[in-house]
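Below are the chains, spelled out letter by letter.
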Amino acid sequence: MQTILIVDDSGTARMFIKRCLEISGCMGAQFKEAADGNQALLILEQGPVDFIVADLNMPVLDGRCMLKQIKANPKTSAIPVVVITSASNYAANVELMSEGAYAVLSKPITPPTLISSLGALLKKQGVDNGAA
Amino acid sequence: MEQHNIDLCLAIKEAVTECIENMAFMSVDTEFDEPLADNVNEDAVMALIQVLEPKAGELRLSMPKKTAAELAKALFCITDKELSDHLINDLACELLNTISGRVMKRVLPAECLYHLGLPSMAGQSVVELTPPFVNCRFMADGNILAVMASIEV
Chain A
1 MQTILIVDDS
11 GTARMFIKRC
21 LEISGCMGAQ
31 FKEAADGNQA
41 LLILEQGPVD
51 FIVADLNMPV
61 LDGRCMLKQI
71 KANPKTSAIP
81 VVVITSASNY
91 AANVELMSEG
101 AYAVLSKPIT
111 PPTLISSLGA
121 LLKKQGVDNG
131 AA
Chain B
133 MEQHNIDLCL
143 AIKEAVTECI
153 ENMAFMSVDT
163 EFDEPLADNV
173 NEDAVMALIQ
183 VLEPKAGELR
193 LSMPKKTAAE
203 LAKALFCITD
213 KELSDHLIND
223 LACELLNTIS
233 GRVMKRVLPA
243 ECLYHLGLPS
253 MAGQSVVELT
263 PPFVNCRFMA
273 DGNILAVMAS
283 IEV
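Taken in order, these protein sequences are the chains called A and B.
Counting in the numbering used here, the first sequence runs from 1 upward without gaps.
Counting in the numbering used here, the second sequence runs from 133 upward without gaps.
None of these hints come from the bench; they were simulated from the model.
Do not rely on the hints blindly, as some may be mistaken.
[Claimed, not checked] Capping the alpha-carbon separation at 30 angstroms, the derived lysine-lysine pairs in BS3-like fashion look like this:
no., chain 1, residue 1, chain 2, residue 2
1, B, 205, A, 18
2, B, 198, B, 213
3, B, 145, B, 197
4, B, 187, B, 145
5, A, 32, A, 68
6, B, 145, B, 205
7, A, 68, A, 18
8, B, 205, B, 237
9, A, 18, A, 71
10, A, 32, A, 71
11, A, 32, A, 18
12, B, 237, A, 18
13, B, 197, B, 213
14, A, 32, A, 75
15, A, 32, B, 213
16, B, 213, B, 187
17, B, 237, B, 145
18, A, 18, B, 213
19, A, 68, B, 187
20, A, 18, A, 75
21, A, 18, B, 198
22, B, 187, B, 237
23, B, 145, B, 198
24, B, 237, A, 71
25, B, 145, A, 18
26, B, 205, A, 32
27, A, 68, B, 237
28, A, 18, B, 197
[As the list claims (entries may be wrong)] Computed footprint of chain B on chain A; a stretch qualifies when at least three of its residues, placed anywhere within it, have a C-beta under 8 angstroms from a C-beta of chain B:
no., stretch
29, 2 to 14
30, 74 to 87
31, 103 to 115
For each residue, glycine too, the CB sits at the ideal point set by N, CA and C.
Please put together the full structure from these sequences, using the hints given.
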């Protein structure tokens, strides 16, 4: 079973992301949730996750700062971080990818967008076996 | 209406349609005669978000609580019993955040970075938007909502 960490200050957004991931083939995954980057870093200290889906614009510690800290820490640097943001455009996406993001997706996300962008990550969940 | 606001209005219409149709699977109409109060009252919610860069501005999403409730039920397959004011307010903020990003993406060049503030709920005494602003109204499966925006040229 994979463990997926969802980071967003909006509980509504976390619910929506979780629902999209489940429809995309992650029905059996264990989901952990954090409301900001600091909470996410604390959760990562408690144990590994398979990948992270994070918002960019958050209070306390935003998604970009969280991404930099995750990539700077040898214990967490290999964890793929998928950034979901409302402030996505070509220039912003290039910056985030250069900072180590696995993928940058524009809100609103949809299950087809997740499947096409995160294929390798979702494949482990059995999407290719018809789970979606 | 100035060209800037015509473009802004078109961007809002496309963004709202895209967000609500993709997230809640509700069809969106922009042509109708239903009236909608612009003020915040006990039966309505209004979310605000500031545009911080590259130009100052603000977007607002206003809708009756009934519309927000229908959107929440469509988004999460939940029942009336599971609805709460917190969920409705959070949904309004998140929806405005998503719509605002789509609007900015449409009105700015691809190479232009932009920065939005954190969305929040308006209080009872919300300050009127600085003119000139646009006010676009929508009907989502029979539920009315409006997006207002004022962005510097």
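Hint-by-hint comparison with the structure:
Annotation: proposed proximity of residue 205/B to residue 18/A holds, straight-line Cα distance about 16 angstroms (limit 30 angstroms). Annotation: proposed proximity of residue 198/B to residue 213/B holds, straight-line Cα distance about 14 angstroms (limit 30 angstroms). Our distance criterion of 30 angstroms between C-alpha atoms is met by residue 145/B and residue 197/B, whose separation comes to about 21 angstroms. Restraint check for residue 187/B and residue 145/B: the C-alpha separation of about 21 angstroms stays at or below 30 angstroms, so the hint holds.
Our distance criterion of 30 angstroms between C-alpha atoms is met by residue 32/A and residue 68/A, whose separation comes to about 20 angstroms. Taking the CA atoms of residue 145/B and residue 205/B, the gap is about 23 angstroms. The hint holds against a cut of 30 angstroms. The hinted pair formed by residue 68/A and residue 18/A meets the criterion: a straight-line CA distance of about 24 angstroms does not exceed 30 angstroms. With a C-alpha separation of about 28 angstroms, the suggested pairing of residue 205/B with residue 237/B holds against the 30 angstroms cut-off.
Of the supplied pair hints, the one linking residue 18/A and residue 71/A holds, its CA atoms being roughly 24 angstroms apart against a limit of 30 angstroms. With a CA separation close to 19 angstroms, the supplied pair residue 32/A and residue 71/A stays within the 30 angstroms bound. With a C-alpha separation of about 10 angstroms, the suggested pair residue 32/A and residue 18/A falls inside the 30 angstroms cut-off, and the hint holds. At roughly 25 angstroms between alpha-carbon atoms, residue 237/B and residue 18/A fall within 30 angstroms of each other, so this suggested pair holds.
Restraint check: the Cα-Cα separation between residue 197/B and residue 213/B comes to about 15 angstroms, which is no more than 30 angstroms; the hinted pair holds. A threshold of 30 angstroms between alpha carbons decides the hint, and for residue 32/A with residue 75/A the separation of about 18 angstroms falls inside it, so the pair holds. Between residue 32/A and residue 213/B the CA atoms are separated by roughly 25 angstroms; this keeps the pair inside 30 angstroms, and the hint holds. A C-alpha spacing of about 42 angstroms is found between residue 213/B and residue 187/B, which places the hinted pair above 30 angstroms, so the restraint is violated.
The straight-line distance between the Cα atoms of residue 237/B and residue 145/B is roughly 13 angstroms, inside the 30 angstroms bound, and the hint therefore holds. Taking the CA atoms of residue 18/A and residue 213/B, the gap is about 21 angstroms. The hint holds against a cut of 30 angstroms. Straight-line distance between C-alpha atoms of residue 68/A and residue 187/B comes to about 27 angstroms, which keeps the hinted pair within the 30 angstroms bound. Between residue 18/A and residue 75/A the CA atoms are separated by roughly 25 angstroms; this keeps the pair inside 30 angstroms, and the hint holds.
With a C-alpha separation of about 25 angstroms, the suggested pairing of residue 18/A with residue 198/B holds against the 30 angstroms cut-off. As the CA atoms of residue 187/B and residue 237/B are separated by approximately 13 angstroms, the hinted pair is consistent with the 30 angstroms bound. For the proposed pair residue 145/B and residue 198/B, the alpha carbon gap of about 21 angstroms is at most 30 angstroms, so the pair holds. A C-alpha spacing of about 28 angstroms is found between residue 237/B and residue 71/A, which places the hinted pair at or below 30 angstroms, so the restraint holds.
This hinted pair checks out: residue 145/B and residue 18/A have alpha carbons roughly 27 angstroms apart, not beyond 30 angstroms. Between residue 205/B and residue 32/A, the direct Cα distance comes to roughly 23 angstroms. Compliance with the 30 angstroms bound is thereby established for this hinted pair. The suggested pairing of residue 68/A with residue 237/B holds, with an alpha-carbon distance near 25 angstroms, which does not exceed 30 angstroms. For a cut-off of 30 angstroms, the pair hint linking residue 18/A to residue 197/B stands: about 25 angstroms separates their Cα positions.
Counting residues of the stretch 2 to 14 of chain A whose C-beta lies closer than 8 angstroms to any C-beta of chain B gives 5; at least three are required, and the coverage claim holds. For the stretch 74 to 87 of chain A, the proposed coverage by chain B is satisfied: 3 residues have a C-beta within less than 8 angstroms of a C-beta in that chain, meeting the threshold of three. Counting residues of the stretch 103 to 115 of chain A whose beta-carbon sits less than 8 angstroms from any beta-carbon of chain B gives 4, enough to reach three: the coverage restraint holds.
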